[in-house]
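Just so you know, we're using the working numbering here: the first sequence kicks off at 274 and counts up by one.
The set of hints was computed from the structure by calculation and includes no laboratory data.
Each hint can be trusted.
Here are the simulated EDC-like cross-link-like pairs (lysine to aspartate or glutamate), alpha carbons at most 20 Å apart as the crow flies:
hint: 1; residue 1: Lys460; residue 2: Asp373
hint: 2; residue 1: Lys512; residue 2: Glu539
hint: 3; residue 1: Lys398; residue 2: Asp439
hint: 4; residue 1: Lys512; residue 2: Asp479
hint: 5; residue 1: Lys698; residue 2: Glu399
hint: 6; residue 1: Lys621; residue 2: Glu889
hint: 7; residue 1: Lys664; residue 2: Asp817
hint: 8; residue 1: Lys318; residue 2: Glu278
hint: 9; residue 1: Lys460; residue 2: Glu399
hint: 10; residue 1: Lys405; residue 2: Glu446
hint: 11; residue 1: Lys452; residue 2: Asp385
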Amino acid sequence: MDFLEELNESQRVAVEHIDGPMMVIAGAGSGKTRVLTYRIAHLLKNGIDSFNILALTFTNKAAREMKERIHKVVGGTEAKNLTMGTFHSVFARILRHNADKLGYPSNFTIYDTQDSKSLLKTIIKEFGLDDKIYKPGIVYARISGAKNNLISPKAYENNTNIIAEDRMSRKPELYRIYKEYAARCFKAGAMDFDDLLYQTNVLLRDSPDVLHYYQHKFQYILVDEYQDTNYSQYIIIKKLAAVYENICVVGDDAQSIYSFRGANVENILNFRKDYPDFKLYKLEQNYRSSNTIVQAANSVIEFNKDRIKKEVWTLNSEGERINVIRCMTDNEEGRVISNRIFQMKQQKGLDFKDFAILYRTNAQSRAFEESLRKLNLPYKIYGGLSFYQRKEIKDLIAYFRLAANPKDEEALKRIINYPKRGIGKTTIDFVTLAARQYDVSIWDVISDFTRYPVNIRVPAQRKITDFVTKIQSYSAQIETAPAYDLAETIASSTGILKDLYDDKSPEGVVRYENIQELLAGIKAFSVQQEENDEVATLSDFLVDVALLTDADHEDEEDNDRISLMTIHASKGLEFPHVFVVGLEENLFPSQLSLTSREDLEEERRLFYVAVTRAKETVALSYAISRFRYGQLVTSEPSRFIEEINPDFLHFENERKQTGGRSMNSYNRPTNQESLQGKIGVAPKRNLVPLNQMKNKGSADKEAIINENLKVGHNVEHGRFGKGKVLSLTGEGQDVKADVFFPSVGKKTLILRFAKLKIIG
DNA sequence: AACAACGGGCTTTTT
DNA sequence: GCCCGTTGTT
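Go ahead and model the full structure; you've got the sequences and the hints to work with.
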């Protein structure tokens, strides 16, 4: 009955905090979710209307689970009116309600990354720019960065720094692309992922009545995973909380792993500035992991400079040491770990679902898939190509999208000739050109050739008109017809179902099944919606679908499987036995992270997240050589292994004492004294001998490079290409160089890590 | 307009 | 090594 008794002292005081700003710094496995859910339950028990509570989570799944748990604690229908979800889904809803104020249709389309890149590519082509220089991915990242920092196209154009950066990276036209991209999205009635936050900001800025409404609706605001919010999200929260200041943020700076997409750890640090009288709660007792795991994780994260002081501890038993497994190849790594899982399962009577294999990049899953399949061990891969990103799924959804919003040009382009209906490239080109000339959407042109004459042959026009008629008939029903019925009608009357059914190749069969699965999903969605109100339409389904990820698409049947996923995907999860694989320099830490301390520290936090997923045992593995880019490359073990206090490690199949290189340090005496003498005091000490060893082979060369490097030198970098040294700072080990690379802009490089060649 | 063959780029991570 | 997109062929 009294849920407060299920909490420890520090959890309880945090839960009992009702009014005023508060921040919870929650170490890994410290019961963060429990505090969040119980605090909401506590608010409700204290008479706060669920209508007035906003809780923002990082994933849809987290929101769903939290809602269920709250429902269990408070019972009844109390939890129904909570506003709970990801930033993107919550504000997408709010935007739909208020779209007119922004000049958007309420059924605006949400462009996913693919749509965005495709549109950018079109624009780059239309501008006659070289898409080797203006790569859609890079352009997208640049625009995304701007939006997440609330820089409008106009502000972008007027920002001399940004313009200078773009010039230096040989992309002076970027501001024009951004402008056009924003205009085209608007014309298409589409928002991309970043727009959902950006336009929310615009809305709250320009519509005082809307701001006022939500400020008073959301009297209590809770934000989970606060360390992974970006500036745009930060401002939304700040504005909404401005009246009541009942804001509760929960996070762990040590688990911030999304800065690459604009997340800003400083939001945590700035919290005290915005709310000087805030209350800080720290959850430091770990309930998840063995003491060995907790201590090992602590010993690694200490290498990071940027962190909030925090002492994670546990009363859990000591547990087993962390196994370090050395393999010759990536395939062997797969075999060894698959066998290990099989053995452990047999010996300890475990389930498959007790195991997880975590890796840095999705590409690594292959070797494990193969070996697990050979041993007949069931597994499930999370991530990779999401269900909703499969071609056949996107195709069918594109029909839904187009029916809901005919101006959605990305959807139109996708399906105008799929299934094949004889509308070819030249025809589409003509129509597109005409649309640009008349300054209307493609749909406007093709739905009214008398008004917008196009120079294409009559048969082509007929085919297009047939297509248009079809879409129009769907459009007529999309707001009213039951979702499942219309979806099925579309799937069959467009010929998609038949097209896939006729394909008897294994892939074709899977595609057909996927479509059936999507239809089943729509059915389930309808049933769920009908519990609340009236008929669910496809239009309703579309509101959700763009923001679904495959974590939201879990098949319930047969859940006893080994989990394979990236470390990013594992955030928030826990498993009894965890294998963190591919611990090699240039893979984990990623090569791309080695140029700056900030990036390297993020990799280290990622490693911290990986290790702290485990309850009972952790094993770390690496391969001496592995296939990458189709080539065999040899690698050294990751620095992260060496950064763990060796007291917590156990090295399997150590290398023989053959006077090799860095691996010798693994044959450490277990005796503490001699350990101290050899390696010095943790954690700082490990670095020095490590680096000396790493540089052994090329020490001379590198020393020369470092000493001779002067401001103004032209240098070459393995990844960034040629560049010019702007300035040098620091001494000894820590010499850093600001180097300007035409390809990527200014980079600060730690010379110790960056292999710079002086040229000319 | 449809299909086959070739070439390039890619591997961080995702709402 | 694979996937995607572009090019060339019919």
